[in-house]
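S.K.: Listed below, chain by chain, are the residues.
Protein chains: 2
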Amino acid sequence: MNICTYSYEEYLHLVKSFHGHLAPGLIIGGFIVDLAMKNLPEGEFFDAICETPVCLPDAVQILTHCTIGNGWLSIVPFGRFAVTLYEKYTGKGVRVYLDTEKLNAWPEVRDWYLKKKKKSEQDPDLLLAQIKEAGHGLLGIQRVQVEPEKVRRKKMGPSGICPVCGEAYPSKDGDSCRNCQGETPYTDVVRLSEAKQKCAGC
Amino acid sequence: MNICTYSYEEYLHLVKSFHGHLAPGLIIGGFIVDLAMKNLPEGEFFDAICETPVCLPDAVQILTHCTIGNGWLSIVPFGRFAVTLYEKYTGKGVRVYLDTEKLNAWPEVRDWYLKKKKKSEQDPDLLLAQIKEAGHGLLGIQRVQVEPEKVRRKKMGPSGICPVCGEAYPSKDGDSCRNCQGETPYTDVVRLSEAKQKCAGC
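Top to bottom, those sequences are chains L and C.
In this text, residue positions in the first sequence follow my numbering: the first is 112, and each later residue adds one.
In this text, residue positions in the second sequence follow my numbering: the first is 112, and each later residue adds one.
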């Protein structure tokens with residue numbers, strides 16, 4: 112049993128290393144990405160869509176070249192457990208999703224996924240065992256045509272210097288950056304003098 | 112010269128492997144995360160904020176345990192080139208940013224960062240050489256107090272089954288999932304019968 116080019120155990124190791132712990136969703140996510148990769152339409156360059164920010168983006172980032180930072184992975188806020196890989200120019204894609212009709216064969220997975228049991232009532236070993244045994248058996252697959260402009264990151268455009276904070280920002284955001292327009296999550300911002308910085312070797 | 116626990120060359124290798132190419136922003140991002148890690152406030156568990164989705168989130172994901180999928184990395188859409196690491200319970204944090212006042216000493220970096228030169232006019236070798244030589248010298252550092260509830264992912268809450276697509280979705284989104292309410296990026300969705308799936312080994 113493989114997850115893309117990795118053995119199942121190698122994939123679990125990568126999940127622990129990248130994601131920090133063996134999240135059930137990320138193991139199902141491995142099977143999702145694997146099945147999508149095996150059913151790619153023709154083409155050379157593929158972008159990815161995740162339909163939830165929870166767990167699944169890490170499966171895509173571990174197993175494909177699509178990351179948040181390079182812009183080839185987009186996240187849409189549908190809260191559905193699905194990944195689409197699509198040819199970046201034609202938009203032809205394959206969408207793999209968790210098929211709720213197939214969940215009844217795997218009750219521990221069903222109760223976890225549909226939140227029918229509190230965390231304290233779940234049996235984590237049984238959950239992981241059922242996920243492994245089910246493999247692709249929990250999944251459905253669709254051919255889709257993607258409208259890339261609906262999911263792709265917009266270009267930043269020209270930069271300006273914010274007159275409030277002095278940092279560069281996208282001019283299209285207005286006369287100052289969005290942080291200084293009031294969206295800031297920071298209070299008590301204090302600049303650290305260079306004498307107070309710890310910066311070995313710089 | 113190190114980037115967190117890696118040598119500079121090891122970090123470049125990780126960037127190529129994860130991000131796909133040696134993006135200048137991701138190399139500066141390595142220095143940003145490194146300087147933030149060296150100036151962490153007291154505490155055990157740190158979450159991260161990136162102020163742009165471009166490049167920088169990958170530096171955080173390569174160098175820390177904060178990822179998009181585990182929710183410890185949040186992205187705010189300010190378009191500023193900055194990373195904050197903050198103690199997840201107290202919100203005490205350190206923010207490292209690209210200091211525009213320090214750019215004049217590194218003209219190739221300045222012209223690239225402020226978009227004063229077209230891509231065809233840039234000298235990529237000189238740009239990377241100046242980024243490496245500048246190291247932490249391009250950066251500023253602030254102590255900040257973060258309001259975590261302003262950046263953290265909201266909980267999904269209870270799940271329902273969408274009456275249109277039949278998939279699970281967050282009930283708080285309404286009577287059907289956001290895809291089926293009309294936000295879909297897909298046209299021509301065709302379910303693939305199991306006979307037509309390629310799925311070696313499942």
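Check before you lean on any hint, since a few could be wrong.
A pair holds if it fits inside one copy or across any two, identical chains being indistinguishable in the list.
Unchecked claim - In silico EDC-like pairs for lysine to aspartate or glutamate, Cα to Cα no more than 20 Å straight-line:
id, residue 1, residue 2
1, K203, D234
2, K261, E198
3, K309, E258
4, K265, D236
5, K309, E153
6, K199, D210
7, K265, E219
8, K307, E212
9, K243, E294
10, K199, D299
Hints were generated in silico from the structure; no laboratory data involved.
S.K.: Checking K309 and E153: alpha-carbon separation at most 20 Å within a copy, between copies, both or neither?
M.R.: between (51 Å within a copy, 14 Å between copies)
S.K.: Could you figure out if K203 and D234 sit no more than 20 Å apart (CA to CA) within one copy, between two copies, both or neither?
M.R.: neither (40 Å within a copy, 36 Å between copies)
S.K.: Between K309 and E258, at a C-alpha cutoff of 20 Å, which is it: within one copy, between copies, both, or neither?
M.R.: neither (48 Å within a copy, 25 Å between copies)
S.K.: Evaluate K265 and E219 at a C-alpha cut-off of 20 Å and name the case that applies: within, between, both or neither.
M.R.: neither (41 Å within a copy, 25 Å between copies)
S.K.: Have a look at K307 and E212 and pick one of within, between, both or neither, based on CA distance no larger than 20 Å.
M.R.: So K307 and E212 pass the 20 Å test across copies only (19 Å; inside, 59 Å).
S.K.: How would you classify K243 and E294 at a CA-CA limit of 20 Å: within, between, both, or neither?
M.R.: Neither: 43 Å inside a copy, 33 Å across copies.
S.K.: Checking an output row: K261 and E198, CA cutoff 20 Å. Within, between, both or neither?
M.R.: within (15 Å within a copy, 35 Å between copies)
S.K.: When no copy is named, should K199 and D210 be tagged within, between, both, or neither for a Cα gap of at most 20 Å?
M.R.: Result: close neither inside a copy nor across copies, 26 Å intra and 35 Å inter.
S.K.: Check K265 against D236 for me: Cα-Cα at most 20 Å, and say if that holds within a copy, between copies, both or neither.
M.R.: neither (42 Å within a copy, 28 Å between copies)
S.K.: Is it within a copy, between copies, both, or neither that the alpha carbon of K199 lies no farther than 20 Å from that of D299?
M.R.: For K199 and D299, only the inter-copy Cα distance (17 Å) is at most 20 Å; the intra-copy one is 44 Å.
Going through the hint list in order, the structure does not satisfy hints 1, 3, 4, 6, 7, 9.
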